[in-house]
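Residue numbers (the working numbering), protein chains in the order written: chain S, 271 to 574; chain G, 271 to 574; chain Z, 271 to 574.
Derived from the structure by calculation, the hints contain no laboratory data. These numbers were taken from a predicted model, which means no experiment stands behind them. Don't take each hint at face value.
What the hints assert, rightly or not - With a straight-line Cα cutoff of 30 Å, these simulated DSSO-like cross-link-like pairs (lysine-lysine) come out:
| id | chain 1 | residue 1 | chain 2 | residue 2 |
| --- | --- | --- | --- | --- |
| 1 | S | Lys498 | G | Lys568 |
| 2 | Z | Lys299 | G | Lys465 |
| 3 | S | Lys401 | Z | Lys272 |
| 4 | S | Lys299 | Z | Lys558 |
| 5 | S | Lys272 | Z | Lys498 |
| 6 | Z | Lys498 | S | Lys401 |
| 7 | S | Lys310 | Z | Lys465 |
| 8 | S | Lys308 | S | Lys465 |
| 9 | Z | Lys498 | G | Lys498 |
| 10 | Z | Lys272 | G | Lys308 |
| 11 | Z | Lys299 | G | Lys498 |
| 12 | G | Lys558 | S | Lys498 |
| 13 | G | Lys492 | Z | Lys498 |
| 14 | Z | Lys465 | Z | Lys498 |
| 15 | Z | Lys465 | S | Lys465 |
| 16 | Z | Lys299 | G | Lys308 |
| 17 | S | Lys299 | Z | Lys465 |
| 18 | Z | Lys498 | S | Lys310 |
| 19 | G | Lys465 | Z | Lys272 |
| 20 | S | Lys498 | G | Lys498 |
| 21 | G | Lys568 | G | Lys405 |
| 22 | G | Lys483 | S | Lys492 |
| 23 | G | Lys568 | G | Lys492 |
| 24 | Z | Lys498 | S | Lys300 |
What the hints assert, rightly or not - Covered stretches of chain Z (in silico footprint by chain S; criterion: 3 or more residues with CB under 8 Å from a CB of chain S, positions within the stretch not fixed):
| id | stretch |
| --- | --- |
| 25 | 428-438 |
| 26 | 477-489 |
| 27 | 495-501 |
| 28 | 527-539 |
In this text, a Cβ means the ideal position worked out from N, Cα and C, and glycines have one as well.
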Amino acid sequence: MKLLENLIDIPSPSGSEFLMRDFLIDYVKKSSPEWSVKPKLVYGGDLQDNLILVFGEPRTAIFAHMDTIGFTVRYQDQLVPIGGPHAETGYELVGRDGMGFIDARLRVDEEHQLFYDFPRAIETGTTLTWKPNLKANAEFIEGPYMDNRLGIYNALKVAETLEDGMIVFSSFEEHGGGSVPMLTRYIHENHPSVKQALISDITWVTEGVEHGKGVAISLRDKNIPRKKFLDRILALADESGVSYQLEVEGGGSSDGREVHHSPYPIDWVFIGAPEDNVHSPNERVHIKDLVAMISLYKFLMEHL
Amino acid sequence: MKLLENLIDIPSPSGSEFLMRDFLIDYVKKSSPEWSVKPKLVYGGDLQDNLILVFGEPRTAIFAHMDTIGFTVRYQDQLVPIGGPHAETGYELVGRDGMGFIDARLRVDEEHQLFYDFPRAIETGTTLTWKPNLKANAEFIEGPYMDNRLGIYNALKVAETLEDGMIVFSSFEEHGGGSVPMLTRYIHENHPSVKQALISDITWVTEGVEHGKGVAISLRDKNIPRKKFLDRILALADESGVSYQLEVEGGGSSDGREVHHSPYPIDWVFIGAPEDNVHSPNERVHIKDLVAMISLYKFLMEHL
Amino acid sequence: MKLLENLIDIPSPSGSEFLMRDFLIDYVKKSSPEWSVKPKLVYGGDLQDNLILVFGEPRTAIFAHMDTIGFTVRYQDQLVPIGGPHAETGYELVGRDGMGFIDARLRVDEEHQLFYDFPRAIETGTTLTWKPNLKANAEFIEGPYMDNRLGIYNALKVAETLEDGMIVFSSFEEHGGGSVPMLTRYIHENHPSVKQALISDITWVTEGVEHGKGVAISLRDKNIPRKKFLDRILALADESGVSYQLEVEGGGSSDGREVHHSPYPIDWVFIGAPEDNVHSPNERVHIKDLVAMISLYKFLMEHL
Numbered sequence: 271m272k273l274l275e276n277l278i279d280i281p282s283p284s285g286s287e288f289l290m291r292d293f294l295i296d297y298v299k300k301s302s303p304e305w306s307v308k309p310k311l312v313y314g315g316d317l318q319d320n321l322i323l324v325f326g327e328p329r330t331a332i333f334a335h336m337d338t339i340g341f342t343v344r345y346q347d348q349l350v351p352i353g354g355p356h357a358e359t360g361y362e363l364v365g366r367d368g369m370g371f372i373d374a375r376l377r378v379d380e381e382h383q384l385f386y387d388f389p390r391a392i393e394t395g396t397t398l399t400w401k402p403n404l405k406a407n408a409e410f411i412e413g414p415y416m417d418n419r420l421g422i423y424n425a426l427k428v429a430e431t432l433e434d435g436m437i438v439f440s441s442f443e444e445h446g447g448g449s450v451p452m453l454t455r456y457i458h459e460n461h462p463s464v465k466q467a468l469i470s471d472i473t474w475v476t477e478g479v480e481h482g483k484g485v486a487i488s489l490r491d492k493n494i495p496r497k498k499f500l501d502r503i504l505a506l507a508d509e510s511g512v513s514y515q516l517e518v519e520g521g522g523s524s525d526g527r528e529v530h531h532s533p534y535p536i537d538w539v540f541i542g543a544p545e546d547n548v549h550s551p552n553e554r555v556h557i558k559d560l561v562a563m564i565s566l567y568k569f570l571m572e573h574l
Numbered sequence: 271m272k273l274l275e276n277l278i279d280i281p282s283p284s285g286s287e288f289l290m291r292d293f294l295i296d297y298v299k300k301s302s303p304e305w306s307v308k309p310k311l312v313y314g315g316d317l318q319d320n321l322i323l324v325f326g327e328p329r330t331a332i333f334a335h336m337d338t339i340g341f342t343v344r345y346q347d348q349l350v351p352i353g354g355p356h357a358e359t360g361y362e363l364v365g366r367d368g369m370g371f372i373d374a375r376l377r378v379d380e381e382h383q384l385f386y387d388f389p390r391a392i393e394t395g396t397t398l399t400w401k402p403n404l405k406a407n408a409e410f411i412e413g414p415y416m417d418n419r420l421g422i423y424n425a426l427k428v429a430e431t432l433e434d435g436m437i438v439f440s441s442f443e444e445h446g447g448g449s450v451p452m453l454t455r456y457i458h459e460n461h462p463s464v465k466q467a468l469i470s471d472i473t474w475v476t477e478g479v480e481h482g483k484g485v486a487i488s489l490r491d492k493n494i495p496r497k498k499f500l501d502r503i504l505a506l507a508d509e510s511g512v513s514y515q516l517e518v519e520g521g522g523s524s525d526g527r528e529v530h531h532s533p534y535p536i537d538w539v540f541i542g543a544p545e546d547n548v549h550s551p552n553e554r555v556h557i558k559d560l561v562a563m564i565s566l567y568k569f570l571m572e573h574l
Numbered sequence: 271m272k273l274l275e276n277l278i279d280i281p282s283p284s285g286s287e288f289l290m291r292d293f294l295i296d297y298v299k300k301s302s303p304e305w306s307v308k309p310k311l312v313y314g315g316d317l318q319d320n321l322i323l324v325f326g327e328p329r330t331a332i333f334a335h336m337d338t339i340g341f342t343v344r345y346q347d348q349l350v351p352i353g354g355p356h357a358e359t360g361y362e363l364v365g366r367d368g369m370g371f372i373d374a375r376l377r378v379d380e381e382h383q384l385f386y387d388f389p390r391a392i393e394t395g396t397t398l399t400w401k402p403n404l405k406a407n408a409e410f411i412e413g414p415y416m417d418n419r420l421g422i423y424n425a426l427k428v429a430e431t432l433e434d435g436m437i438v439f440s441s442f443e444e445h446g447g448g449s450v451p452m453l454t455r456y457i458h459e460n461h462p463s464v465k466q467a468l469i470s471d472i473t474w475v476t477e478g479v480e481h482g483k484g485v486a487i488s489l490r491d492k493n494i495p496r497k498k499f500l501d502r503i504l505a506l507a508d509e510s511g512v513s514y515q516l517e518v519e520g521g522g523s524s525d526g527r528e529v530h531h532s533p534y535p536i537d538w539v540f541i542g543a544p545e546d547n548v549h550s551p552n553e554r555v556h557i558k559d560l561v562a563m564i565s566l567y568k569f570l571m572e573h574l
């Protein structure tokens with residue numbers, strides 16, 4: 271929980287992932303001496319604000335996006351969304367501009383225009399994010415940015431015992447993408463043996479995917495993975511004994527979209543715990559599903 | 271007709287192109303000893319489910335997509351479309367899941383939600399496609415998946431006498447693309463002399479493109495080819511003596527979209543016979559237009 | 271003004287940029303002996319209709335798109351838009367087909383369908399553009415295609431004293447893009463030291479960006495540049511003393527979109543004078559803002 275709290279405290283709306291990247295570099299440097307394999311850290315220069323961990327001889331990459339939805343201050347008290355936040359009047363927003371710390375409230379008018387309420391004007395271009403507020407009980411974890419702090423958390427837990435594999439912390443997922451083309455190129459040019467990607471991200475509770483029934487394996491969303499790869503994943507998931515649910519959606523997408531459309535031959539599948547209250551400050555995930563997610567990732571990273 | 275019937279019998283909705291690829295590999299291996307030039311077959315590994323045929327010293331590539339529209343089974347009796355099928359209650363759908371062969375009926379409710387009618391539940395994630403049913407008379411060929419079985423058929427007919435050229439059988443065209451970036455990279459890295467692409471696909475009968483008036487040369491759809499390349503194509507089309515029609519649309523797209531947006535310098539143009547009843551089980555193409563299509567492709571592949 | 275008039279006289283709707291490219295090659299060859307550094311011209315072959323100028327040891331590339339919005343003649347008197355023209359009945363359109371010069375009028379019906387009025391039929395596939403008509407007074411320049419003739423003009427003015435840098439004249443910006451993937455690949459492979467891009471283009475007058483208040487630095491549009499790069503740009507802009515305005519939008523995009531999504535690590539920011547009457551024949555830009563644009567580009571190209 272301490273690690274998850276730390277992850278949720280760090281603001282990283284799309285375009286400003288650098289603080290999260292710095293935290294992760296620091297965390298991996300401190301923690302990895304205890305891990306089964308100490309990974310190579312790749313960052314800086316041509317990787318912009320992204321971070322890659324390389325363990326042993328990788329065949330499969332875990333993608334976990336570091337960015338979150340949020341808001342950009344426009345003119346006067348106007349806000350422009352970053353990604354697709356679920357906006358309701360009264361939600362608390364935090365940020366920082368040249369005049370100091372900001373703790374504002376969101377206001378949504380009848381035309382769904384977005385504004386902030388705060389005693390002073392906030393500088394144009396300032397980014398605001400949901401106020402951190404993590405709650406947990408025996409069953410659920412609830413707070414802002416389960417999507418994708420839990421995807422990162424999953425990757426860091428898998429890292430502890432990972433022998434051969436790659437973990438890719440990406441940017442811009444919530445806002446149209448843009449980092450994965452560069453990251454897949456890096457992978458292809460430097461680790462051509464990596465031809466499989468697991469998208470470590472959080473999905474939606476729906477009529478077919480419920481809380482507490484296991485991690486969701488997405489057979490498709492707006493994009494469709496290759497059937498041959500899905501069949502291998504499902505056979506291994508059965509073998510693993512981990513509880514999982516099948517997801518089939520017509521919409522929605524993830525870093526998988528850009529892996530799919532990249533010029534490099536990397537198969538992909540989205541595997542993640544489901545949440546409700548999507549993109550609100552109260553995203554909620556069942557702990558059993560998170561545990562199943564970590565277990566399934568460990569199994570797949572070993573056997574794929 | 272036997273070849274076309276075989277093509278239509280094989281299910282290959284986007285994501286599941288492998289059966290069609292396997293059929294084509296087999297067909298080419300058996301037939302090509304009779305062809306003017308025996309092509310090199312490239313497939314497997316980094317090409318995923320795609321297939322490339324290389325003849326002599328290629329300058330131009332024919333792209334023919336192997337995938338079709340269809341449906342994915344969601345939860346209960348729900349369906350999610352693959353690509354943009356024209357859905358009407360009563361259309362017959364076939365498929366196969368762990369419990370065996372499926373011959374179901376499509377049902378569309380008032381809100382345009384899609385369902386199947388079948389005596390038992392079909393497994394989540396199963397794909398369904400139009401039931402094969404090819405009809406032909408002296409004028410027309412009619413059935414499901416003229417788009418793009420005829421595009422494949424055209425490529426295989428052109429292959430018989432092709433001396434220098436490339437034929438690319440691609441995936442995912444009906445569902446947002448994703449294979450062409452990889453395929454153009456392969457082409458650029460392995461056959462940099464290929465700088466021209468003909469998109470062998472089927473277009474729409476409209477107020478300006480009619481049945482029986484020849485193959486359509488598309489001057490634009492949602493994307494616009496380079497004017498300089500179009501001018502060369504039109505000059506050669508005139509020289510060929512083949513009957514053709516000019517198409518100008520503001521929407522629609524093809525594998526040409528991804529060739530256009532790829533980082534590699536490959537010009538493209540869509541050339542194909544028109545159909546009506548688009549994306550229904552009764553797509554209909556005039557035989558004269560298909561014959562013109564094959565003739566124009568043969569001429570262009572020689573003279574471009 | 272003579273240079274700008276020349277630029278506006280040349281038709282170059284998306285897909286037909288070659289005339290503008292030829293003009294620019296000619297202009298640079300004639301003018302560059304007077305410049306601080308004579309650039310290397312790169313064009314032809316794999317660059318299709320695009321043009322790149324290389325000065326000294328470049329670190330930063332200016333992108334200025336050569337194409338404009340316009341119309342394609344469909345069937346009968348129908349028109350299909352190229353890009354997103356602001357269409358009003360009566361606007362004058364010019365072009366040329368096999369039967370000669372065309373000076374037609376635009377007609378928009380109640381359903382926003384587009385037509386031309388001209389005494390004869392125009393050949394299918396012919397492109398039409400706004401009739402050139404440049405006006406200027408002490409304050410404003412007004413006419414068609416300020417977007418992006420002024421972006422080109424800016425680049426050519428900066429070129430006069432540029433020592434180290436690159437200028438990229440691109441295609442297809444108004445119509446969904448397609449040249450920038452190829453251009454960024456060229457840059458990455460041939461000039462890997464270029465990791466920064468300034469998008470030299472014209473933006474909109476809005477409630478937050480006014481005529482005469484300086485060049486606009488866009489902190490975001492539909493896409494979001496990296497915060498770390500924006501911070502450097504803003505620090506340099508302050509240092510430059512040039513008057514500028516901050517822009518924050520939720521929509522709109524530019525060549526920056528494709529730089530952002532390319533597989534190559536190139537940061538980008540849109541910097542341009544604002545206009546009103548966007549995409550009409552009467553686009554209007556304040557001369558002070560254009561002068562500020564040129565000054566800021568000169569400063570940034572030196573100090574970035």
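Query raised in the report: What hints, given by number in increasing order, does this structure fail?
Result: 1, 3, 4, 9, 10, 12, 13, 16, 19, 20, 22 and 25
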